[in-house]
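Novice: Position 648 (the sequence shown) corresponds to 648 in full-length UniProt numbering; numbering is contiguous.
Hints in this document: simulated from the structure, not taken from any laboratory. The reader is advised that the hints may include incorrect statements.
[To be verified] 27 Å max Cα-Cα, derived DSSO-like pairs, lysine-lysine: (1) K579 <-> K546; (2) K446 <-> K432; (3) K400 <-> K432; (4) K621 <-> K546; (5) K579 <-> K542; (6) K446 <-> K400; (7) K486 <-> K542.
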Amino acid sequence: MKNIKILSVLFLSSMIFTSCEEEIMEWEERPEDERVTTAELPLELEEKISRYEPLNNYSDYVLGAGIVLDLYMNNETYRSIVDENFDEVTVGYAMKHGAMVNSEGEINFEPIDDFIAQTNQAEVDVYGHTLVWHANQNASYLNSLIAPTVIPGSSGASALDISGLEDGSFNGWAKNNPGDGITVVEGEGLTEDSQAIELIAGSGSAQPYDLQLATPQIPVIEGHEYEVSFYIRSDQPGQGRISFGGLENNYPYQDWYGTGGDFTEAFETTSQWQQVKFTVSDFTGTSFNLSFDLGYVPGVTYYIDVSNMSVVDLNAESEMVNFIANGDFEGGNLDGWDGNGNGNESTRAVTAEGEGYGDTGYAMVLTNPTEAQSYEAQQVYAFDEPLVQGTEYTMSFFIKADVPSALEVELQSPDYSADYSGAIEVGTTWAKVERTIEVTADDRGKFIFDFGASAATFYIDNVVFTDGEVATGTGPVIIEMSDEEKAEVIGDAMEDWIVGMVTHYTSEVTAWDVVNEPMREGGTLRDGNVTDLASDDFYWQKYLGKDYAVTAFNLAREYAEPSDVLFINDYNLEASMAKLDGLIDYVEYIENEGATVDGIGTQMHVSLTTSRENIVEMFQKMAATGKLIKISELDVRLGTAAPTSEQLADQADMYQFIFDAYSEHVPAAQRYGVTLWNISDNENEHEFWLPEESPNVWDANYERKHAYKGVADGLAGRDVSEDFTGELE
């Protein structure tokens, strides 16, 4: 038989006019004297209610119950009430995405299969609740599908010269066999604005060397191990290898992915970026080069990211990160440095080669012709980013002067405030200066030599400014998916979920909540742009847009039986006509876009003070749509765990009013049915959902409340107790 669904676990939401979100319950037994009881009924009324038949005997439409799966499976009293009184059951959590989908996206059907086997024995149907909702999702799995790809950086400074690729000149690189073209292209690398080498294999390509690009010579140190790393993809499946010049074995088999896996001749390429990473150490000289051999498969276009190609000496000594890029002046220039205070006719230059510290390389030369204020002759280096306030930095440099003299260093802000090193005495022979300076403001952005106090010529070399961090190579590359890519991935995940559920239960479930709670309170569509998400919230519509429900209904219709009934469902429709109107408009939109919505569900979590006029108006508006109308989660809260007899009577009256209004204002052909949300006021059903509110038809001890009469009379359309009048004494 086909079953409907039980609501297995009750909502965590403690707010009355919020959705039935967070439906997970945890059970615990309380001492007998702490359990909730309800006011006793007058004996005559209690006797009448005891003589009522099971509730579904009075109904000519589907009467359902939202239930707790664990209680149904393990509590005989609970299960017997459900089986005796209801036609269908709804599982509130156990059939949700969060309960059934694991971290790999696989659906675990076993708990619900066992449950349906039990309901089949009782000839109770199961309602499908729910396929697409924003709450109770395996959000961690869904978010993992669209998480950025993090590409690790290199393990250290690269010895590979890629400047000929960055400027497109291929200077130092050799196109030994260009195939149908080897070029550098913009925007085809790992990120949207990065470069890639594009290598196209010709139609006759068959051997690896039929498409070959060779690197410049790479200097190496004997006995050191070097890590080669690059990222590659192709427009269709391809193959490649790296061959070498300068190794004892220039055509080695490699574990190309550095996983400790198989050593093979070639690596495989696909449309997805992958890292090729391996080590070499069998050098025959002081340098080597490598060749990208990509000619195995004809007609394939390969892309190799430029900026993330590296050859790293894994045995190199660690170096401190120097915030001054041109501190050794080995380019023979003062790039990055700028002079201030030229009014004192000070000058700045670079020595001849061989005049730097240790009589090698270059040094910076600063000349101040006459004594003045120290700041009247300055040499400035501007950092890329301001320094970190509160951090202690270390500066060091080698210095000498033509006469004994003094200068100082400052770290300056745009408003000229600064942290100072204090006077530094300078002699006429090379000496190393090392000082620490703590940064006291968050906008210190300049390193300055103040050399105006002495009439002297200063020679400065090997300037280092560091916070002590060790250089570790390039940082990671983070690749975000485009909106289009996210939509495709999330669309596939939604399809897998809907198709998997509907096809697995095609012979068991005849009605589904396809889309649950799509509307905001004001009647606009939720868009998923929520900042404070619960851990299991995931808004499909954020990535799929307004048509997410169109897709959901089309998928459900395609894979369900033609006779299956597909609902859209929301809450507070009796409290907000704007929300109801918005939902009706959205149903119209869904159908205008080519899908079919069979029915509309209204949850109806109400209280004694809920407007009866609004309830009538809601049913009238819903009936006017021509759709099947379902009351999907009905309960009437009292606001107390110990209601009075008067409150119990008022609750029964509200229940009966709702059933009467449903029958009066919704034509019989449009009445799908009513589902009562939970069975009893027992604490096991109400740890999180309406605790201490006494909202249900059975009390905490599973005895019929006055509300039982209200429901039965509403279903029957009359006062059933009149049937028993003559039998009572």
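Novice: Hint by hint, note whether the structure agrees.
Specialist: Structure-based check of all given hints:
Taking the CA atoms of K579 and K546, the gap is near 16 Å; set against the 27 Å cutoff, the hint holds. Annotation: proposed proximity of K446 to K432 holds, straight-line Cα distance about 22 Å (limit 27 Å). Straight-line distance between C-alpha atoms of K400 and K432 comes to about 9 Å, which keeps the hinted pair within the 27 Å bound. About 23 Å separates the Cα atoms of K621 and K546, which keeps this hinted pair within 27 Å; it holds.
A hinted pair counts as satisfied when its Cα atoms are at most 27 Å apart, and K579 with K542 qualifies at roughly 20 Å. A C-alpha spacing of about 23 Å is found between K446 and K400, which places the hinted pair at or below 27 Å, so the restraint holds. With a CA separation close to 10 Å, the supplied pair K486 and K542 stays within the 27 Å bound.
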